[in-house]
Amino acid sequence: MSGPASPTRGAAGGRSTGFRVGPRQIVAAVLVVLAIVFIAQNRDPASIDLFTLNVTAPLWIVLAAMVLVGLVIGLVLGRRRARR
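Count along the sequence shown from 1, then add 203; that gives the number in my numbering.
The hints are simulated quantities; they were obtained by calculation from the structure and are not laboratory data.
Quantities reported herein were computed from a predicted structural model and do not represent experimental measurements.
All residues carry an ideal CB built from backbone N, CA and C; glycine is no exception.
Hints may be right or wrong, so weigh each one.
Unchecked claim - Just the calculated beta-carbon pair ranges, DEER-fashion: (1) 250 to 228: 17 to 27 Å; (2) 230 to 283: 40 to 50 Å; (3) 269 to 222: 25 to 35 Å; (4) 260 to 221: 42 to 52 Å; (5) 247 to 271: 12 to 22 Å.
Construct all of the structure, not just a fragment, from the sequences and the given hints.
The following block contains the structure:
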């Protein structure tokens, strides 16, 4: 005698939630890969002028820093939107 249909069970016998990759995750992964490739291919020295400050650093460091700045800005703005 069988009981009512049960949800899919995982290997350990618990419920399997499964991980679904959505379009946002795919776009994010593609952008991360493109950013890494772009940074890796631009390793020449770069001179950065900000007001009176002049810094020379490898371009990949500058690009990586700008990616991090963009990430922080996106996180801050994303949290503001989530609170509304």
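Now for the hints, and whether the structure bears them out:
{"no.": "1", "hint": "250 to 228: 17 to 27 Å", "in the structure": "37 Å, violated"}
{"no.": "2", "hint": "230 to 283: 40 to 50 Å", "in the structure": "21 Å, violated"}
{"no.": "3", "hint": "269 to 222: 25 to 35 Å", "in the structure": "31 Å, holds"}
{"no.": "4", "hint": "260 to 221: 42 to 52 Å", "in the structure": "44 Å, holds"}
{"no.": "5", "hint": "247 to 271: 12 to 22 Å", "in the structure": "20 Å, holds"}
The structure fails hints 1 and 2 (numbered hints given earlier, in ascending order).
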